[in-house]
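What follows is each chain in one-letter form.
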Amino acid sequence: MIPNEPKITPALIADHGLTPDEYERFRGLIGRDPSFTELGIVSAMWNEHCSYKSSKVHLRELPTKAPWVIQGPGENAGVIDIGDGLACVFKMESHNHPSFIEPYQGATTGVGGILRDVFTMGARPVACLNALRFGDPKHPRARALVSGVVAGIGGYGNSFGVPTVGGSVGFHPRYNGNILVNAMAVGIAEKDKIFYAKATGVGRPVVYLGSKTGRDGIHGATMASAEFGDTSEEKRPTVQVGDPFSEKLLLEACLEIMRKGCVIAIQDMGAAGLTCSAVEMGAKGNLGVTLDLDRVPTREAAMTAYEMMLSESQERMLMVLKPEKEKEAEAIFQKWGLDFAVVGKTTDSSRFIVRFGGDVMADLPIKELGDEAPEYNRPFTEPKKLPILDAKSIASPVSIKRALEGLIASPDLCSKRWVWEQYDHLILNNTVQRPGGDAAVVRINEGPKALAMTTDVTPRYCEADPFEGGKQAVAEAWRNLTAVGARPLAVTDNLNFGNPERPEIMGQLVHCVRGISEACKALDFPVVSGNVSLYNETNGRAILPTPTIGGVGILDDLAKMATLAFKAEGETILLVGETKGWLGQSAFLATVLGREEGAPPPVDLAVEKRNGDFVRKLIAASSVTAVHDLSDGGLLVAIAEMALASRIGARLDSPSAGIPPHAFWFGEDQARYVLTAKTAEVPKITAEAAGDGIPVRVLGTTGGSQLTLPGEDPILVSSLHALFEGWLPTYMAGGAAE
Amino acid sequence: MKSAVVVFPGINRERDMARALKFVSGKEPAMVWHADSELPKGTDLVVLPGGFSYGDYLRCGAIAARAPIMEAVRTHAAKGGLVLAVCNGFQIACEAGLLPGVLMRNARLKFICKEVFLRIERSDTPFTRQYNAGAVIRVPVAHGEGNYVADADTIARIEDEGRVLFRYTAPDGKLDPAFNFNGATNAIAGILSEKRNVLGLMPHPENHVDPAVGPTDGRRLFESLVSTLEAA
Amino acid sequence: MKARVTVTLKAGILDPQGKAIEGALKSLGVAGVASVRQGKVFDIEVEGVDRAKAEQALTLAAEKLLANMVIENYRVELL
Amino acid sequence: MKARVTVTLKAGILDPQGKAIEGALKSLGVAGVASVRQGKVFDIEVEGVDRAKAEQALTLAAEKLLANMVIENYRVELL
Ligand SMILES: Nc1ncnc2c1ncn2[C@@H]1O[C@H](COP(=O)(O)OP(=O)(O)O)[C@@H](O)[C@H]1O
Ligand SMILES: [Mg+2]
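Residue numbers (our numbering), protein chains in the order written: chain A, 742 to 1479; chain B, 105 to 336; chain C, 1168 to 1246; chain D, 1168 to 1246.
Be careful, since some hints might not be right.
Claimed, not checked - Over the 10 Å line for every Cβ pair with chain C, so calculated as not near, a few chain D residues:
#: 1; residue: L1181
#: 2; residue: V1197
#: 3; residue: K1220
#: 4; residue: L1233
#: 5; residue: N1235
#: 6; residue: M1236
#: 7; residue: E1244
Said to hold, decoys possible - Just some of the chain A residues that point at chain B, by a computed CB distance under 8 Å:
#: 8; residue: N899
#: 9; residue: W1077
#: 10; residue: G1078
#: 11; residue: N1170
#: 12; residue: R1184
Everything labelled a hint here was simulated from the structure, so no lab data went into it. C-beta: ideal position from N, C-alpha, C; glycine also.
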């Protein structure tokens, strides 16, 4: 008999985040009232975080296939073929709510979780990236959140031993009550040695590995799917603590037993730990699973079945092992000082049975737990189109020089060195392009091939036009990979939005996903993994829609990699792409004029592809010496970044007639790149561009120690440098937020 | 050159080290497990690599310093055998008493990964014979606790005996507090044992050997070891 | 006036440090060690205020900075 | 049996963490803070040995591992 304490009441059901309808659906499935443990299990399986119930219908729109895709969404991480018998395994995941409550531990466990997703599949992690969004720098908690999150990301990755090579950091008041911490991990595996969650074979041992189970994060997955209110502070005791040392041991032990051929199926214990991992392994293999909780290694006394099933203790794995290899696997885990316990077996009953202390605590249909999870096509509204701003109607209150200085020293565009110097970005000795460029480049084994990776999104654009913003996020990631010379291969996404039960938020989600889909299709850039984080709001105020895109590409030969720094004096600076002077939603408008207005720049995907392919071709032919894509801040900011990276200045020509100078220099028209080339190469490049129908124009020449613009005071690179590098350290040391 | 890299649980730069040794010497080092009690026969060079042994959860290197293999490392050092202890390895060597002093939290309390400038104080050592004394090299650091501290007598002694091998300096080799990023006493980045056969240093020369990845200023340290052992 | 603020992890919160030290003590053969949890102490010299004020100030210090109230408890002692 | 080992820095050894905390407390406006030094406590559960043995074992633990005798002092208390 299943013990039924405490009594299931409507209040208890609501506490578990289930609606009355969902509860009835569950009762219908099992044909009786659930036990308390069963209620816990279903609440974990059916919450937004695990079931994707609000987003699933829309995620199906995303293109997920290409000849090089080995595994698309649905496993722990996506897998793509990178040639030479190797595969790249990668995924991004959010840890927003835990990081807001306890920034250090929230960030560490976010990194730990995404690393586990990657090595669960048999890949050795080779790089981490992250995308961070904080509130207004003037907000009283902002500094503590920044320093806690950054220390946490570093604290985990540095100790685990994976380089953190890239990411992005942004600030906006709309994240005041709900920061974003999106972590991405990238690994490399042998293509024919990828491990999956699908269990096979009846009567096989289900094995628990890693750290012991405590009461960590109980209700964590439910918390990740609940809005914050003023009482969310009460949810604090569920904080999980990361243990990178144990995870490093777990990595080595897992890879070792995989190498030795012990593993049939493997699933990490992430959100809703034992529950999700056991159900997933069984359901994927059309098998039942019986768990015997008396055998679960616990850290605390008197844990209940409910607590064990919902615990989110970190650094744990569940596996189905080959019975004849069980002893060998156990010896390997003991060598690494980790717990190893047979906690159950696979069955042919299609039931998920949990026993504890002589009782059956849960007996549920395993497939239906996942397959019959509610799925909503929630109502959504069409986002309002904003007017296209006419650049001529926007006057600049300051000189070009002042505007550039303001942009370069703004929280969003300033150097993030203070952040990435706290990350070990060099360990493993493959980091060829370090943080600070367009995309990070990490050599594959001994080369000459390398992976390029980046994370991108412009939330301001997504807020103004979710569809164009979604497209732009993909296009920018694609462009960043292209700018280092890589062939973009695939995407992982992390969709961060507010409460999907509000039609306008659902509208943002739907349209962002449509934009992402359209861009991924046009750019042949399939989505192979991702994560959705909803309910990112506080007291009814949502974050900016933030669909972070993590892009991965490949470089066939490191020697052909491009970087953004000017290489020498006297080289010609070229602009690829068309400049109209688009100021709507630009960094210039937001930072210099304090206005977030108008429609964001549209993304013409065909032009994006054509221009990018052209740039990649030039890089491969070694025709260019430096390459930088244009994004936030537009042309002059891009040129300034190239100068800052090299300490070489530039003499620039007059802007195009018919465009106000500030719109020319700071407009954010898409599909553009700045290149430099030896002057002798220029005629060939322009001729080739003309042949392909690509707009290319000469902007000026590199050289000197300042940026010289017609009609403006010269701008010393060294003083720009001080502004660029100064903002974040000064701010973090307690200096002014502006 | 027969080298052995000791692997403690939580160590994570052992692969970088093994790769650098192979790259420069052409020979794979032996990887030695912390729980073993002996080094491979004929080991010329023992390397204690970087990482976070035991998570560095007590004091950096403290738990690793008490591992069974360390007895063998001590014996090797006592017989004059070469020991290269990098980053966490340096911390382990200090905790094990192979080198004096201790490495405390960086002055600004943050983990820092970046390239720094090191002045090579002397070239008459097995670790630096391929460099010129006074030369300044650029190598990366990646640590949170590299702030070298010892009591005044110890500092005076190692200075007098010329046992400071590397110092953090400005690019021109001048001492400058702005470049002593972790606050180490006398800007000390690396020291030698009394017999000059054990080197502990915080920076990672092993990450600067391969031109395909970046600068190669760390390479001569390994070339020095190779030539020392060949000459022997 | 000398004071000591002791900060310890709340019960139930994972203590990786303690766990690693526990393992090390066991393998060093230290007799009888069943479990270890690690905490911090802050020895603070307080000047120019009376005991009541000092206690108040240190409580503030503990709550605002020395302890992470999400996962830690603290105790203030004036010596 | 519960025991506590407290490890503190020897006088004269520089304590960058203590210094930083001191600075932070001052800038938070905590009244009267003159200096801060940070140390560690280890709360140890000891089993199956008598008090004398426990004290001996913990002294050994402190000297062999918990404290770095070059820079730190320790104190063992059985509670
Ligand atoms: N959180 C972070 N972690 C690591 N690197 C970062 C982080 N934030 C920014 N960077 C690095 O700083 C550089 C500039 O970032 P960003 O402005 O987002 O680049 P872009 O606009 O070209 O995509 C990139 O190389 C990026 O990887
Ligand atoms: Mg870029």
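Exercise for the section: Could you check the structure against the hints above and give me the numbers of any it violates, in ascending order? Expected result: When the structure is compared with the hints, numbers 2, 3, 4 turn out to be violated.
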